[in-house]
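Asker: Starting from two chains that each stand alone, build the complex the way the hints lay out.
Okay, here's what each chain looks like letter by letter:
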Amino acid sequence: MPLAILISLAVAYGLMVIGAGPQAQEQFINALTIGAIYALIALGYTMVYGIIELINFAHGEIFMVGSFVCWWLLTTLGFSGAIQDPVLLIEVLVLAFTVSMVTMGVVGVIIERLAYRPLRNAPRLAPLITAIGVSFILQNLVFVMISNSIVTVPQIIPNPLIQIGPISIREINLFVIVLALVLMAALHLFIQRTRLGRAMRSTAIDRDAAQIMGVNINSTIALTFFIGSALAGAAGVVQGLYFGVTVFNIGFQAGLKAFTAAVLGGIGNTTGAAIGGFVIGFIEVLASVFGVGRWSEAAVFTTLVLVLIFRPTGILGQQLADRA
Amino acid sequence: MSAATSRLGGVRGFSSRHQSTSIVLVVIVVTILLPIISLIPPFSGFGTQKDFVGGFAAAGVFVLLALGLNVVVGFAGLLDLGYAAFFAIGAYTYAYSASGFTGLSIPFWPMLLVGALVAAVFGVLLGAPTLRLRGDYLAIVTLGFGEIVPVVFLNADKYTNGTNGITGIAQPNALGLFGINGFGFTNPWPYYLTIVAIITVVVILLYRLQDSRLGRAWVALREDELAAASMGINTITTKLLAFSIGASTAGLAGVFYAAKLSTVTPDQFGFTVSFTALAMVVLGGMGNIWGVAAGALIIYELQSQGLKQLGSFVQGLNVPVVALGPITINIGAINFLNYQYLLYGLALVIMMLVRPEGLFPSRRRRRELHETPAEDELTAPDPTAGDPSQEGGD
Chain A
30 MPLAILISLA
40 VAYGLMVIGA
50 GPQAQEQFIN
60 ALTIGAIYAL
70 IALGYTMVYG
80 IIELINFAHG
90 EIFMVGSFVC
100 WWLLTTLGFS
110 GAIQDPVLLI
120 EVLVLAFTVS
130 MVTMGVVGVI
140 IERLAYRPLR
150 NAPRLAPLIT
160 AIGVSFILQN
170 LVFVMISNSI
180 VTVPQIIPNP
190 LIQIGPISIR
200 EINLFVIVLA
210 LVLMAALHLF
220 IQRTRLGRAM
230 RSTAIDRDAA
240 QIMGVNINST
250 IALTFFIGSA
260 LAGAAGVVQG
270 LYFGVTVFNI
280 GFQAGLKAFT
290 AAVLGGIGNT
300 TGAAIGGFVI
310 GFIEVLASVF
320 GVGRWSEAAV
330 FTTLVLVLIF
340 RPTGILGQQL
350 ADRA
Chain B
516 MSAATSRLGG
526 VRGFSSRHQS
536 TSIVLVVIVV
546 TILLPIISLI
556 PPFSGFGTQK
566 DFVGGFAAAG
576 VFVLLALGLN
586 VVVGFAGLLD
596 LGYAAFFAIG
606 AYTYAYSASG
616 FTGLSIPFWP
626 MLLVGALVAA
636 VFGVLLGAPT
646 LRLRGDYLAI
656 VTLGFGEIVP
666 VVFLNADKYT
676 NGTNGITGIA
686 QPNALGLFGI
696 NGFGFTNPWP
706 YYLTIVAIIT
716 VVVILLYRLQ
726 DSRLGRAWVA
736 LREDELAAAS
746 MGINTITTKL
756 LAFSIGASTA
766 GLAGVFYAAK
776 LSTVTPDQFG
786 FTVSFTALAM
796 VVLGGMGNIW
806 GVAAGALIIY
816 ELQSQGLKQL
826 GSFVQGLNVP
836 VVALGPITIN
846 IGAINFLNYQ
856 YLLYGLALVI
866 MMLVRPEGLF
876 PSRRRRRELH
886 ETPAEDELTA
896 PDPTAGDPSQ
906 EGGD
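Line order of the protein sequences matches chains A and B. Start counting the first sequence at 30; every next residue gets the next number (this note's numbering). Start counting the second sequence at 516; every next residue gets the next number (this note's numbering).
Chain B extracted, bound-state conformation (with noise of 0.2 Å):
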């Protein structure tokens, strides 16, 4: 750390000083320039700008998505396998608010506060009685709420129109800002701008988090729980709030992300959602803020322009069928969208392995993850025993 504090003059000094004054100027500047790449070659190839913006603006969804779980998976060390189910309680509460499902027309604008107070409700009821627990469990039970949550708004068909999900969900105004309500399906400026707001709240509360009290407390408790709690941290609590903290951020990106779509169903809000955050969180780099947003922003990206894009592309060439046993290959004929998921699975293996703390990591999470722990070593210390590039056959 003194290596760090001893560089505060130039842009670092400036951004640690204005905190939330460089995030802004920050978030301004990818704003402006997330349009602007659209119109580049070969990016102008792939779509219109407002199909870019669009698809910047469900990305935004994600990056909120993944600035919550790093909450709890970077910050305080918990594995929520279960993250989805906090976007749907969200989403469905916004769909319960301002839809002829239950008559309801509750504003947008004060719907995003109260879903996110839903989901840190619900994320409390959830943690209460299972953070006791260690790490492990928390898994799993989260894993399982994941599960249970898009089943209950499947089955509960009499509160929920089931399979049918609710439809005609009332998109945002403006407040008669302007005079006009420029959101509707055509337009999507208004809804990456409102998207990046959100983010931009968000990004400088948890600056502000991670640099409190609270935020070394979660440090503390995931790198040694017992230290902190005998330093007089309350660990139920602490968890508690990493875990309702990052439930109220799902909630806001599922509010947000109903009155995009319009309409919720029960399936887009299955395991592959929370499995995709958690790629995001751990590409991106567990406990850095900007590392997550940018790779969420990538990961996103990738998945809906990348995978098409390489897919129109190997199309173009010949490559002859291989058949082995059950299994054929027919790399033409291949839809590269339907590997995205055993990509995200290779991803979260080999970053594991190779490179944990992430593609942009923060600084403390890699020493932490690259430290090798004295007490299994029964064989003489060897410096390079947490490689395991270096770890030979036996």
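Same shape as in the complex, but just chain A (with noise of 0.2 Å):
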């Protein structure tokens, strides 16, 4: 696998060259960048499937209202630039990405208790109808209480080109890419080599089992929940942080592409939800470079159909994606 993804990354540079010439450095850890982002979202949308097989509708509004907590920690500080001193800049971030996480996990953690739980035993579409719901309740709070239009989010991380060897990179870049590989480094150790990621992933496999084992379903299924929406929420600071902005409805496409990124990497599989956001967010600069950049939502769906007519499983996906 290692491979393959060298060669994919190698082609997708390739392209990038073609497509942008002198540019192509720069559009491609722009793609990495934008792809962390989506893989971050992407993260909770295949846990909570994994887990439970919802399509947690609500998610791509977890991410926006994340943003809008960084939006209002940010500006409350009284920051409005970029922070020079490196000390005070690690301090604002990690308080910053905390509180986000924290806010949204817990946020996850009440949206499952009140709307989802309830609905566990229910015929299928009640719990997606109540996820839609969800989705339009957290975007329209947001509307109607915090702002209808777009809200400048301050860019605190100052923004100088670094030179690695041959590679220039800015600092927000650098920063948003080695950030998201931690958190997935620390969530594949956390599921794979802890007593709660165990009993996640039991839960996973088979529910009834896992709580025969001694497993506590309601409070796996919480946690789950609360990883997911915390990492949705992180995702929320990297974007107000490296697009400088956000807006109430943002969550909705960013939630569509990042569900089709874990369609894309095997629905139920984290470390697919990772490599899918990659992708997505490949195809999205790949379109903008090539001048399509407003059919890059066409294209993403484009890949989700066609994912699931060819490969339901997706990439990586052991999980049947059409199991009954």
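Quick caveat, the hints were computed from the structure, so don't treat them as lab data. Among the clues, some could well be false.
Below, simulated SDA-like cross-link-like pairs (lysine to any residue); rule was C-alpha separation at most 20 Å, straight line [what the hints assert, rightly or not]: (1) Lys823(B) <-> Ala643(B); (2) Lys673(B) <-> Ala327(A); (3) Lys823(B) <-> Asp566(B); (4) Lys673(B) <-> Phe616(B); (5) Lys673(B) <-> Val173(A); (6) Lys823(B) <-> Ile813(B); (7) Lys565(B) <-> Leu708(B); (8) Lys823(B) <-> Gln564(B); (9) Lys823(B) <-> Ile555(B); (10) Lys673(B) <-> Tyr611(B); (11) Lys565(B) <-> Gln820(B); (12) Lys673(B) <-> Gly322(A); (13) Lys565(B) <-> Gln534(B); (14) Lys823(B) <-> Leu122(A); (15) Lys823(B) <-> Met174(A); (16) Lys823(B) <-> Asn850(B); (17) Lys565(B) <-> Ile551(B); (18) Lys823(B) <-> Phe616(B); (19) Lys565(B) <-> Asp782(B); (20) Lys673(B) <-> Phe172(A); (21) Lys673(B) <-> Asn177(A); (22) Lys823(B) <-> Val321(A); (23) Lys673(B) <-> Asp782(B); (24) Lys823(B) <-> Thr787(B); (25) Lys673(B) <-> Gly320(A); (26) Lys823(B) <-> Gly562(B); (27) Lys673(B) <-> Arg323(A); (28) Lys823(B) <-> Tyr611(B); (29) Lys823(B) <-> Phe561(B); (30) Lys823(B) <-> Leu857(B); (31) Lys565(B) <-> Pro550(B); (32) Lys823(B) <-> Val173(A); (33) Lys823(B) <-> Ala573(B).
Short derived list, chain B residues pointing at chain A, Cβ under 10 Å [claimed, not checked]: (34) Ser531; (35) Ile547; (36) Leu548; (37) Leu549; (38) Gly592; (39) Leu594; (40) Thr645.
Ideal Cβ placement from N, Cα and C applies to all residues, glycine included.
Answerer: Written as structure tokens, this is what we have:
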């Protein structure tokens, strides 16, 4: 698999060179950064789907609210531009990510408790409709209570070009990519190596059997929602810091794309979701590099349909996508 | 069912023996009553009768959308979140056939059927590859489709005139009936009567379908796909028919909508339209034709009249401004129309939790939704397990 990833990256870079010429490297890094955001969101989709087989339509809105938490925190603290003092910068970043991730994690748990858990044994249509409802509630709460237009998030990370060997990369891109990889690695270790992670895996495989073996199903599912939503909250902060803007309806498109990423990677599979996120990032940036940027959504959606038709288990999916 | 069949006397008996006649009778009564309501206080203070009739004609579009979506969601149990796409396709079909943009001027009435057919074809095109997948994937694919169709109408500006849309769409003409042609911007009555006629035909057809072999196949499919398949139901064809019949109803609504507004633009067909139709179906009662129609009419009037009146009422009260961190609450300045989708969202969640069968439930659907599956009871069977209000914290 590492070889396959390297080959794909090389092909992507080649396409960037064809499309963007001298800006190839910049666009390549841009794609990685956007892909990291989608990957972080996709992880939440795939974890929730893996464990309770629900498409959590509200997940994209969690990402959106996370970006608003970041906006609120930074503007309340009085920041308006880059923070030059590295110590202060790190402190503020840690604070922003902690606050947003914990807040969104708690929001995710509350949503699960109030809206999804009572319907766990209901016909499948019911929780799906509830999820759509929750998504609209979150989106419109922000719309009516906070802002009905684009808000500007202070871009606190200074933006010099850093030279690493032949690669020149902006600080923010480096930060986002590294952060995403660290979070993914931490998630992977958590799921594979800890007791709680094992509980999550066993619940995903067979909820009843896991319960018989002493796993507390409710708290395990709540934990899954907490982690997934916290990752979306982190993605929201990244959105704010990287793009410097957010708006109440940003979660819808982002959610759709991240879900595509999750399906692309094989739903229920966290590694797959991460890879899928980066693939979507590349599809989107390549579309704009080749001058068809306004069709990027159509391209992503077409990808989704093609994957569902020809390989519904995704790139890595071991799980059967259409098990009854 | 035995209790139901024993009550075949009286009104119920008549309505089940003369279904189409009763539908026509009910529609005639409602058609006459609705404009009369607008003359009674307090409703008469909200606008002129013409405003009301125009509003009812616009509401009729959503009644049609809800009826069509009900076939997909209520009858067949498939979640279609991109329903507005078929509405858009119907509307653009008529826009192409009768506007200066293409120079064509095909009359409205045949285009109703053509619009429905074109939408149905797109329903099949979208459904054929995706209906093999399980329901959740269908939801997300239709969601994507609903997003993409307006984007296509927006971006393919050479063929669709982009953001500005297609204007100057011909209004219907009454085929010279009675020697007059009353359709115009100032007179809502012909539109009102036209949409009522369309709805009547659709409702009669839907009732026939519901009781047909296909309608029963939909129910079987919804309740247990595996069992339905093993009883010889072709699940793909059955789902495709639900999907395309639902789409064709949206196509009808689209043609009427384009003719009434005389303008189509991509932003009229966003996700909020699909979402509104879904809220109407869920609130009205999935699977219940009358319930869905009533739900659509009530919701449409609440959103177009109720919220406006509530706003002007609250503005009269002097409520102090409250600030909580980033959130400012100024009840006096609230534009209640902005709360429309928040309320729909709340309504969807609350309905699903408390009354999943809707306000006007179909009998079968209520039984189905209140059923507790036996398989996941590891603890002692609890007769209230399906009832969320009984679930304690743990």
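Asker: Give a verdict on every hint.
Answerer: Right, here's what the structure says about each hint:
With a CA separation close to 43 Å, the supplied pair Lys823(B) and Ala643(B) exceeds the 20 Å bound. Between the alpha carbons of Lys673(B) and Ala327(A) the distance comes to roughly 17 Å, so the proposed pair stays at or under 20 Å and holds. Under the criterion of a C-alpha separation no larger than 20 Å, the hint pairing Lys823(B) with Asp566(B) is consistent with the structure, at around 14 Å. Proposed proximity of Lys673(B) and Phe616(B) is supported: the alpha carbons are some 11 Å apart, at most 20 Å.
Proposed proximity of Lys673(B) and Val173(A) is contradicted: the alpha carbons are some 36 Å apart, above 20 Å. For the proposed pair Lys823(B) and Ile813(B), the alpha carbon gap of about 15 Å is at most 20 Å, so the pair holds. A distance of roughly 13 Å separates the Cα atoms of Lys565(B) and Leu708(B); the hinted pair therefore holds under the 20 Å criterion. Annotation: proposed proximity of Lys823(B) to Gln564(B) holds, straight-line Cα distance about 17 Å (limit 20 Å).
Between Lys823(B) and Ile555(B) the CA atoms are separated by roughly 18 Å; this keeps the pair inside 20 Å, and the hint holds. Between Lys673(B) and Tyr611(B) the alpha-carbon distance is near 13 Å, which keeps this suggested pair within the 20 Å criterion. As the CA atoms of Lys565(B) and Gln820(B) are separated by approximately 14 Å, the hinted pair is consistent with the 20 Å bound. For the proposed pair Lys673(B) and Gly322(A), the alpha carbon gap of about 17 Å is at most 20 Å, so the pair holds.
The straight-line distance between the Cα atoms of Lys565(B) and Gln534(B) is roughly 32 Å, outside the 20 Å bound, and the hint therefore fails. For the suggested pair Lys823(B) and Leu122(A), the alpha carbons sit about 44 Å apart, so the restraint of at most 20 Å is broken. Distance restraint check for Lys823(B) and Met174(A): the Cα-Cα separation of roughly 19 Å lies within the 20 Å cut-off, and the hinted pair is therefore satisfied. Of the pairs offered as hints, the one joining Lys823(B) and Asn850(B) holds, with about 8 Å between alpha carbons and a cut-off of 20 Å not exceeded.
A hinted pair counts as satisfied when its Cα atoms are at most 20 Å apart, and Lys565(B) with Ile551(B) qualifies at roughly 11 Å. Among the hinted pairs, Lys823(B) with Phe616(B) is inconsistent with the structure: their alpha-carbon atoms are about 36 Å apart, more than 20 Å. For the suggested pair Lys565(B) and Asp782(B), the alpha carbons sit about 27 Å apart, so the restraint of at most 20 Å is broken. Pair hint Lys673(B) plus Phe172(A) does not hold up; C-alpha atoms about 34 Å apart against a cutoff of 20 Å.
The hinted pair formed by Lys673(B) and Asn177(A) fails the criterion: a straight-line CA distance of about 32 Å is larger than 20 Å. A hinted pair counts as satisfied when its Cα atoms are at most 20 Å apart, and Lys823(B) with Val321(A) does not qualify at roughly 42 Å. Taken as a hint, the Lys673(B) and Asp782(B) pair is honoured in the structure, with Cα atoms around 17 Å apart against an allowance of 20 Å. Under the criterion of a C-alpha separation no larger than 20 Å, the hint pairing Lys823(B) with Thr787(B) is consistent with the structure, at around 19 Å.
A C-alpha spacing of about 17 Å is found between Lys673(B) and Gly320(A), which places the hinted pair at or below 20 Å, so the restraint holds. Straight-line distance between C-alpha atoms of Lys823(B) and Gly562(B) comes to about 12 Å, which keeps the hinted pair within the 20 Å bound. A hinted pair counts as satisfied when its Cα atoms are at most 20 Å apart, and Lys673(B) with Arg323(A) qualifies at roughly 15 Å. At roughly 35 Å between alpha-carbon atoms, Lys823(B) and Tyr611(B) are farther apart than 20 Å, so this suggested pair is violated.
Proposed proximity of Lys823(B) and Phe561(B) is supported: the alpha carbons are some 9 Å apart, at most 20 Å. Only pairs whose Cα atoms come within 20 Å are accepted, and Lys823(B) paired with Leu857(B) is accepted, the gap being roughly 15 Å. For the given pair, Lys565(B) sits about 9 Å from Pro550(B) by alpha-carbon distance, which is consistent with the 20 Å threshold. At most 20 Å may separate the alpha-carbon atoms for a hinted pair to count; Lys823(B) and Val173(A) meet this at roughly 16 Å.
Of the supplied pair hints, the one linking Lys823(B) and Ala573(B) holds, its CA atoms being roughly 17 Å apart against a limit of 20 Å. Here the hint on Ser531(B) is broken, as its CB sits about 27 Å from the closest CB of chain A, past 10 Å. Interface hint status for Ile547(B): violated, as the beta-carbon distance to the closest one in chain A is roughly 35 Å, over 10 Å. Proximity of Leu548(B) to chain A is violated relative to the hint, the smallest CB-CB distance being about 32 Å (cut-off 10 Å).
Against a cut-off of 10 Å between C-beta atoms, the interface hint on Leu549(B) is violated, since the closest Cβ of chain A lies about 29 Å away. Checking Gly592(B) against chain A by beta carbon gives a least distance of about 6 Å; that is within 10 Å, so the hint holds. At a threshold of 10 Å, the smallest CB-CB gap from Leu594(B) to chain A is about 5 Å, leaving the interface hint in force. For Thr645(B), the shortest C-beta to C-beta distance to chain A is roughly 6 Å, which falls under 10 Å, so the interface hint holds.
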